[in-house]
Amino acid sequence: MSVIGIDFGNESCYVAAAKAGGIETLANDYSLRATPSCVAFAGKKRILGVAAKNQMVTNLKNTIFGFKKLLGRKFNDPHVQHELKKLPFRAEPLQNNVIGIRVNYLDKEHVFTPEQLLAMLFTKLKVDSTSALGGAQVNDCVIAVPWYFTNAERKALLDAAAIAGLNVLRLINETTATALSYGFYKQDLPAVEEKSRFVAFVDCGHASLQVSICAFNKGKLRMVTSACEQLGGRDFDEILANYFSDEFGSKYKIDPRTNARAYLRLLTEVEKIKKQMSANKLSLDEIHSVEIVGGSTRIPAIKGIIEKVFGKHASTTLNQDEAVSRGAALQCAIMSPAVRVRDFKVQDIQNYPVHVSWDGDPSNENRMEVFPALHAAPFSRQLTLYRREPFSMEIYYGDVPYPDPYIGRWIIRDIKPNALGESQEVKVKIRINQNGIVGITSATLTEKKDQNDVTPDGNVPENTEGQQEQKQQSPQQQEEMDVTPEDNSGDGKKEKKKSGVKLVELPIDVQTHGFSSTDLNGYIEQESKMIFNDASEKERVDARNALEEYVYEMRDKLQEDGPLSGYVMQMDRENIVNQLNNLENWLYEEGEDCAKDVYISKLSNLRSHIDPIKGRCAEYEAQPGVLNELGHAIQLAHKVINEYRSGDAKYDHLLETDMLNISETADKTFKWLEEARGKLVATPKTKDPPVKIADIQHEYQTLTTCVNSVLSRPKPKPPQQQPPPQQQNNGTDAGNQANHDQQQNHTGTDDKQQAQQPKHANEDTMDID
Numbered sequence: 001m002s003v004i005g006i007d008f009g010n011e012s013c014y015v016a017a018a019k020a021g022g023i024e025t026l027a028n029d030y031s032l033r034a035t036p037s038c039v040a041f042a043g044k045k046r047i048l049g050v051a052a053k054n055q056m057v058t059n060l061k062n063t064i065f066g067f068k069k070l071l072g073r074k075f076n077d078p079h080v081q082h083e084l085k086k087l088p089f090r091a092e093p094l095q096n097n098v099i100g101i102r103v104n105y106l107d108k109e110h111v112f113t114p115e116q117l118l119a120m121l122f123t124k125l126k127v128d129s130t131s132a133l134g135g136a137q138v139n140d141c142v143i144a145v146p147w148y149f150t151n152a153e154r155k156a157l158l159d160a161a162a163i164a165g166l167n168v169l170r171l172i173n174e175t176t177a178t179a180l181s182y183g184f185y186k187q188d189l190p191a192v193e194e195k196s197r198f199v200a201f202v203d204c205g206h207a208s209l210q211v212s213i214c215a216f217n218k219g220k221l222r223m224v225t226s227a228c229e230q231l232g233g234r235d236f237d238e239i240l241a242n243y244f245s246d247e248f249g250s251k252y253k254i255d256p257r258t259n260a261r262a263y264l265r266l267l268t269e270v271e272k273i274k275k276q277m278s279a280n281k282l283s284l285d286e287i288h289s290v291e292i293v294g295g296s297t298r299i300p301a302i303k304g305i306i307e308k309v310f311g312k313h314a315s316t317t318l319n320q321d322e323a324v325s326r327g328a329a330l331q332c333a334i335m336s337p338a339v340r341v342r343d344f345k346v347q348d349i350q351n352y353p354v355h356v357s358w359d360g361d362p363s364n365e366n367r368m369e370v371f372p373a374l375h376a377a378p379f380s381r382q383l384t385l386y387r388r389e390p391f392s393m394e395i396y397y398g399d400v401p402y403p404d405p406y407i408g409r410w411i412i413r414d415i416k417p418n419a420l421g422e423s424q425e426v427k428v429k430i431r432i433n434q435n436g437i438v439g440i441t442s443a444t445l446t447e448k449k450d451q452n453d454v455t456p457d458g459n460v461p462e463n464t465e466g467q468q469e470q471k472q473q474s475p476q477q478q479e480e481m482d483v484t485p486e487d488n489s490g491d492g493k494k495e496k497k498k499s500g501v502k503l504v505e506l507p508i509d510v511q512t513h514g515f516s517s518t519d520l521n522g523y524i525e526q527e528s529k530m531i532f533n534d535a536s537e538k539e540r541v542d543a544r545n546a547l548e549e550y551v552y553e554m555r556d557k558l559q560e561d562g563p564l565s566g567y568v569m570q571m572d573r574e575n576i577v578n579q580l581n582n583l584e585n586w587l588y589e590e591g592e593d594c595a596k597d598v599y600i601s602k603l604s605n606l607r608s609h610i611d612p613i614k615g616r617c618a619e620y621e622a623q624p625g626v627l628n629e630l631g632h633a634i635q636l637a638h639k640v641i642n643e644y645r646s647g648d649a650k651y652d653h654l655l656e657t658d659m660l661n662i663s664e665t666a667d668k669t670f671k672w673l674e675e676a677r678g679k680l681v682a683t684p685k686t687k688d689p690p691v692k693i694a695d696i697q698h699e700y701q702t703l704t705t706c707v708n709s710v711l712s713r714p715k716p717k718p719p720q721q722q723p724p725p726q727q728q729n730n731g732t733d734a735g736n737q738a739n740h741d742q743q744q745n746h747t748g749t750d751d752k753q754q755a756q757q758p759k760h761a762n763e764d765t766m767d768i769d
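Just so we're aligned, residue 1 is where the sequence shown starts under UniProt numbering, counting upward by one.
Any given hint could be a false lead.
[Claimed, not checked] For lysine-lysine, the following DSS-like pairs were computed, each having C-alpha atoms within a straight-line distance of at most 27 Å: (1) K108 with K195; (2) K45 with K108; (3) K448 with K529; (4) K679 with K650; (5) K74 with K19; (6) K429 with K416; (7) K19 with K195; (8) K502 with K602; (9) K45 with K596; (10) K345 with K195; (11) K220 with K195; (12) K312 with K281; (13) K715 with K687; (14) K61 with K86; (15) K61 with K85.
Since the hints were made in silico from the structure, they are not lab data.
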């Protein structure tokens, strides 16, 4: 299983993967690293990524782009209305004021939400990643989001990922991902106990400008502050496009802004011009360096402004387009158990202040700020209230550049007064999780034993005089919240039970952003059907293209001067060519949109008539070479026979019967070859050859096997001479070793002298293999 990081941009997406050799940015099916954030519909198929952008001008109403700014928003949001004015497709409000985008798909009108469109794009990225990784399963991922994304936008993105079947380990802010990509490989960072190194990051992309400052120490980073402005490269394009539109109006009395297609072409051209032009808090003293990323930072004027503001050279250590996706992939590798990587701690920040109110009363008395802006995240706070009945809590942003600061409403149920009719202590945990999403994760009721109960040691338990006095205070004071920071390690840790205290988990009803489980399951099922339809449509189109390609290829080859024309009768050839012409006309008329099986059937019928001609052509064209090869094998066999009969020493170990076998086989093969050539000469090429290539190859194999089986027989090894036995003394037994040694000592005869003694004529010898 592979882990990936996704940088979902307003204009394009980048995907990086953690591999054994490090982080690698993956290429899509067009061998490009950037995949346009475009989804299009044409007839029965969806077109995604590069292909969608390539046909944008010709299919304007059914090509959807720029939907990153629509995620999690309401249709009547002024920001949404501002965005929709720039977009050529049809948008409309759905139930609960949800944004709907109307397209023509499967020959009828469909309405999709921005989350569904993003899920389609994620499906494409998932398929391309699987292909780029050699078929390795892609499931776990980390997705980078703009720092300014709210709860609603983050929930919408998570819903889209769920529809696409992606398991999101974390949503990471783009600025944080950039910082991680920078700091992970730095070996010269100060130690943990030393002063942090502060680095500023400026990310100017297609639709936003984000600036952040990060504190680095060895093995960790801490985001200090961030700021953003929703201006980017597209705004520069719009300024240029408006400039040229005014110029066209004054010179040629033409305004491209009045025609959506013309204005889109103008935007495409000014983007090219912009790229060509681009080619030719803390005190500033504490900033170590300034790193710039994002495609728009290539513009010299932007780079100059950054350097002027910070008073430092703008460094381009990081890849300006891929830094975010690489940082997201690093974070995914750190979090995933499937990849082993050294740990690097990341502490992010919350973008906006978070307020909470209770009982539906947002007045100053019944609300408070639980998380200020730029607060560390993830983080939990525990709020303590005294209640005798169920109540609700609302969470919203204190200061957000959107018209709707609402986050959600949590209704805490099953609260009752104690046995004395008094309010009971309720502890509510509010958490910013690692995805930057704020919510109430748990509510616990603290039930204390009755005052008359006695502990085993004989003491009266905890209902002390001070507590009684507290419960007798006014309701407003009882509702005042105590804010206590809590362990950041995660949710779900149960509190320890204390003596005289019983903790009860309270049920919570949640009303917040995002799809309900029913809607989400419905969208997942709908996406699965569309994926299946995409595959079926691809198979249908491939079958049609295969038929069309076969028609064109065979018609060219069957023309009078074509390579197949000499292997078919004239009348048959004309009939087949007419059939191909009629089939071509059918393909562009009623055969334009047929089922896959229809194309397969027609192609099979064509092949039944034409493939025999192709096979005949292949046989006749290949036979001369194969026949010559067989003739050469016969000559080699005769050469072996002649060399044997001439007394060549290399054949001394072979028998006459072996050579006789080779000779008979060679003569038989030669006779067969002559007969085959005669048959082929007498047969016209418009008929199937009487001798097939397979027959010729069989004869060749038979002859070469016969010759090789004889010639591969090894020569016997030459005999080795055995040393002669030692002389016997006075007829004594040669096995009497003692007498032999004594004789040798007396006579002084050595082994060399014995070896020089003559050998007995009748003595046996032995060959030792």
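- Task: Starting from the hint list further up, note which numbers the structure goes against and sort them upward.
- Result: Hint check: 1, 3, 4, 5, 7, 8 and 13 fail, others pass.
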